[in-house]
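Asks: One letter stands for each residue in the lines below.
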Amino acid sequence: MSTDVTAKTPAPAPPGKTGEGTGGGLLQLVLDGLRRNMRQYGMLLALGLIVALFAVWTDGDLLLPRNVSNLVLQNSYVLILAIGMMLVIIAGHIDLSVGSVTAFVGAFAAVLTVQQGVSWPVAVVLCLLVGAAAGAAQGFFIAYLGIPSFIVTLAGMLVFRGATEILLEGQTLGPLPDGLQKIGNGFLPEAGPETNYHNITLLLGLVLIVFVVLQEFRDRKRQQEFSLDVVPLNLFLLKIVSIVAAALVVTMLLASYKGAPIILLILGALVVGYGYLMRNAVFGRHIYAIGGNLPAAKLSGVKDKKVTFLVFLNMGVLAALAGLVVAARLNAAGPKAGLNFELEAIASAFIGGASMSGGVGTVLGAIIGGLVLGVLNNGMNLLGVGSDWQQVIKGLALLAAVGFDVWNKRKSGS
Amino acid sequence: MAGPVLEMRSIVKTFPGVKALSDVTLTVQQGEVHAICGENGAGKSTLMKVLSGVHPHGTYEGEILFEGEVCGFKDIRASEQRGIVIIHQELALVPYLSLAENIFLGNEHAKGGLIDWRETLKHASELLRRVGLSDHPETRVADIGVGKQQLVEIAKALSKKVKLLILDEPTAALNDEDSGKLLELILELKKQGITSIIISHKLNEIRKVADSVTIIRDGKSIETLDVKAAETTEDRIISGMVGRDLDNRFPERTPHEAEADAAPALEIRNWTVNHPIDQQRKVVDDVSISVRRGEIVGIAGLMGAGRTELAMSVFGRTYGRYAGGTVLKDGTEIRTRHVAEAVEHGIAYVTEDRKHYGLNLIDTINRNISLTALDKVAKRGVVDEHEERKVAERFRKSMNIKAPTVFEPVGKLSGGNQQKVVLSKWIFAGPDVLILDEPTRGIDVGAKYEIYTVIDQLAAEGKAVVFISSELPELLGMCDRIYTMAAGRLTGEFSRAEATQESLMRQMTKDKEVTR
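Those sequence lines, one after another, are chains Y and U.
Just so we're aligned: 341 in this note's numbering is position 299 of the first sequence, and the numbers increase by one with no gaps anywhere.
Just so we're aligned: 187 in this note's numbering is position 181 of the second sequence, and the numbers increase by one with no gaps anywhere.
Same shape as in the complex, but just chain Y:
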């Protein structure tokens, strides 16, 4: 309702335009920025708060190098699924089948490597293909036959869960070859002189930090070249310092244990790749467009069916990857693997800022949402909270996150 009102006010007096130099200084600028991106920063702050709380409650155990390493390993699969789920939700759909597909692919991997003796790299490729096929099949029904995604993937959830049990004949299959296990449990190899830290991880962290900083500066310079407004220098520097500090802390923590887990690298590549895809690629834009207003996207020449199809195909591939990671980590494939994973992925996406009606959300948001759940999980485990109460608390966290968002939107009247 109030949208309507703001829409009808003539020539809005430029409120947010504090401009350079004017306004209430740095703090004011930071607050303005926060307010404008309340959802994203709000969740980041909430994540920070949760981390701080659990760090205190666990007497610092949460932030022990070993535990940080564990946290990454434990939650990698949810984060992988959350990325794909975010795309699905932005496109205006839902995928309930990912948990079952995850289990199915894990089972398929075990059957290939353990029973058939297929070498593990070949098995990985075959598994990703199977995931793609599962996603494509569902995507076909949704995009080209127009069956609602809720129905198709609910069916998929049942079909692939059943198929998993058929494939495994109800048994748990393991152990898996070493190479495959590394995907779930492995760390980067060590090299160089004996320090107290993991050298390669340190190096990698530094390279990453330098790259990000250079990128930020280049971006800023290009904006200035085009004589576009840029954020004030002090705010920009503050941003750089925060990024560097955060990256440095994580690098040091990981480097002082066994180094960076291999899965973290895969995850990092996914986050960067999909973040870039959603922000800068034509394909990503088309996903936002069909989720935001499907008829308008169609009339703009967006090939909505193809985009929807590919979004589900992609979800299938990521579910397969998650399936491999889960099987590798447990060193076995079981019929009950991946149970409720779809719900965790969906919860992550919504905590991270997705909207039920589609068109809204970011990959980074999905990761933040997934991490909120992950830290809650891990922290409560360290505190010895039972899984019964863990579920209650996670459910309330989801409700609180989305509730806060709704409340915040209503308050700001947009």
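Because the hints were derived from the structure by calculation, they are not lab data.
Keep in mind that a hint or two might mislead.
Covered by chain Y, according to a simulated footprint, are these stretches of chain U (three or more residues, beta-carbon under 8 Å) [what the hints assert, rightly or not]: (1) 234-240; (2) 358-371; (3) 379-385.
Below are the DMTMM-like pairs computed for lysine to aspartate or glutamate, each with C-alpha atoms no more than 25 Å apart in a straight line [stated by the list, open to error]: (4) Lys263(Y) - Asp390(U); (5) Lys340(Y) - Asp122(U); (6) Lys340(Y) - Glu96(U); (7) Lys382(U) - Asp103(Y); (8) Lys451(Y) - Glu96(U).
From chain U, some residues computed to sit far from chain Y (all C-beta separations above 10 Å) [to be verified]: (9) Val388; (10) Asp390; (11) Glu391.
The beta-carbon is built from N, C-alpha and C at its ideal position, and this holds for glycine as well.
Fit chain U to the given chain Y structure using the hints.
Replies: Chain U alone, transformed into the frame defined by chain Y:
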């Protein structure tokens, strides 16, 4: 007249950062039809929301007197209990419930929680008769037209013992026939003692039904005029709305001299389209039109004439079932079976319904503008955000889109500015032929003039423009040639010199019965 039934005194309403109403005083006499006029964004709707309790008492300053008593409504229910009923532009009916159920929704004839169907149906048919509807009260709302739905809304208001009826742009979605019926009903209700406030952009309507008109500009009430007085002309009202004398509503156009030998930029031959569901029905029947570069060609027609359907089916078959016809671009036949194909051939269609078909309201200005031609700001599938922003900034300046930055969500803009974004989006796609479907619908006079200027410029740059409109003065003011359509068929073609409102209207109403 028995004195004022409603007085709103010095109403001030502020939203965070914006003053929507800065000082509005409105006096409505008992038993009159009072029109409220003003540009989009002037504050008309906000004022009515204050009156009806959508913005509850305490969130605004000023005083409301209804029937001589000071009132402070805390919600819509409270105002309805006093007999003030507002009918919004977007109708609030449930499509799959019956007329009777809709009329008494929230106000059911019930005993102990169970609906008394006999009483409901009896009362409903009485009310329907009062608004001139003969449909059975058990008909579903989805099965009647928009015009009738509007009347159902009024029946619903009557069921609430309405004393003051507020209609927000009641005829915006109606054709002339239904509009006429509605206006007559308002006059009929006036005879029965019901006072009405009508918000409208259509000045001829105001002249027809209103007794007085209050003009609101920039959140202030400017003046109240007696409509029946001789000096209250349409131009007089318009100058009050825009705050300046509007000596010229259209930009000066040098009529285009058609180069007879060059092939038309776009030619449509024998185009026929069937209704998407009722496939026996021809919605567009054997229509042939053409438009040359630099020419603006109008298509006039009443609602249901098939103008939008023609445009959309040519533009990537986005409406109905294709049943024959060819499209020629610069003399060669082209295929436009998908939107992407049509765009590739340099055709753009700017929809009449920008909110549903034109824009992604939750996305920003820059992303909406670039969507149709992302490739122009992308390399190998990767969008260059700086380039995109530059493009958007350029359009923001050249089209005078009023927004603090190009990162503003389009949904927050006013109708006129949204329309400018839709136009920018299609101009950026770089078409040779632009089909503009009601490009000035629901936007204020000032923005209209800006849009006309843009259209004129496009033609001057050598683009071919097809201009679909329901406003005849606009077609007469802008077009080099005008086609008329009625009931899916082409009924006439006029040069700029030949066309008059009367001659167009004659062709627009022609054959309407014969084709069925």
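Asks: Look at each hint and say if it fits the structure.
Replies: Status of the hints after comparison with the structure:
1. Using a Cβ-Cβ cut-off of 8 Å, 0 residues of the stretch 234-240 of chain U lie near chain Y, which falls short of the minimum of three, so the contact claim is violated.
2. For the stretch 358-371 of chain U, the stated coverage by chain Y is satisfied: 8 residues place a CB nearer than 8 Å to a CB of that chain, which reaches the threshold of 3.
3. Counting residues of the stretch 379-385 of chain U whose C-beta lies closer than 8 Å to any C-beta of chain Y gives 3; at least three are required, and the coverage claim holds.
4. A C-alpha spacing of about 14 Å is found between lysine 263(Y) and aspartate 390(U), which places the hinted pair at or below 25 Å, so the restraint holds.
5. Restraint check: the Cα-Cα separation between lysine 340(Y) and aspartate 122(U) comes to about 46 Å, which exceeds 25 Å; the hinted pair is violated.
6. For the given pair, lysine 340(Y) sits about 24 Å from glutamate 96(U) by alpha-carbon distance, which is consistent with the 25 Å threshold.
7. Note on lysine 382(U) and aspartate 103(Y): the hinted pairing is violated, with a Cα-Cα distance of about 53 Å set against a maximum of 25 Å.
8. Between lysine 451(Y) and glutamate 96(U) the CA atoms are separated by roughly 23 Å; this keeps the pair inside 25 Å, and the hint holds.
9. With a least CB separation of 5 Å from chain Y, valine 388(U) falls inside the 10 Å interface cut-off, contrary to its annotation.
10. Not every CB of chain Y lies more than 10 Å from the CB of aspartate 390(U), the least distance being 8 Å, so the non-interface label is violated.
11. Annotated as non-interface, glutamate 391(U) brings its C-beta within 10 Å of a C-beta of chain Y; the closest such distance is 7 Å.
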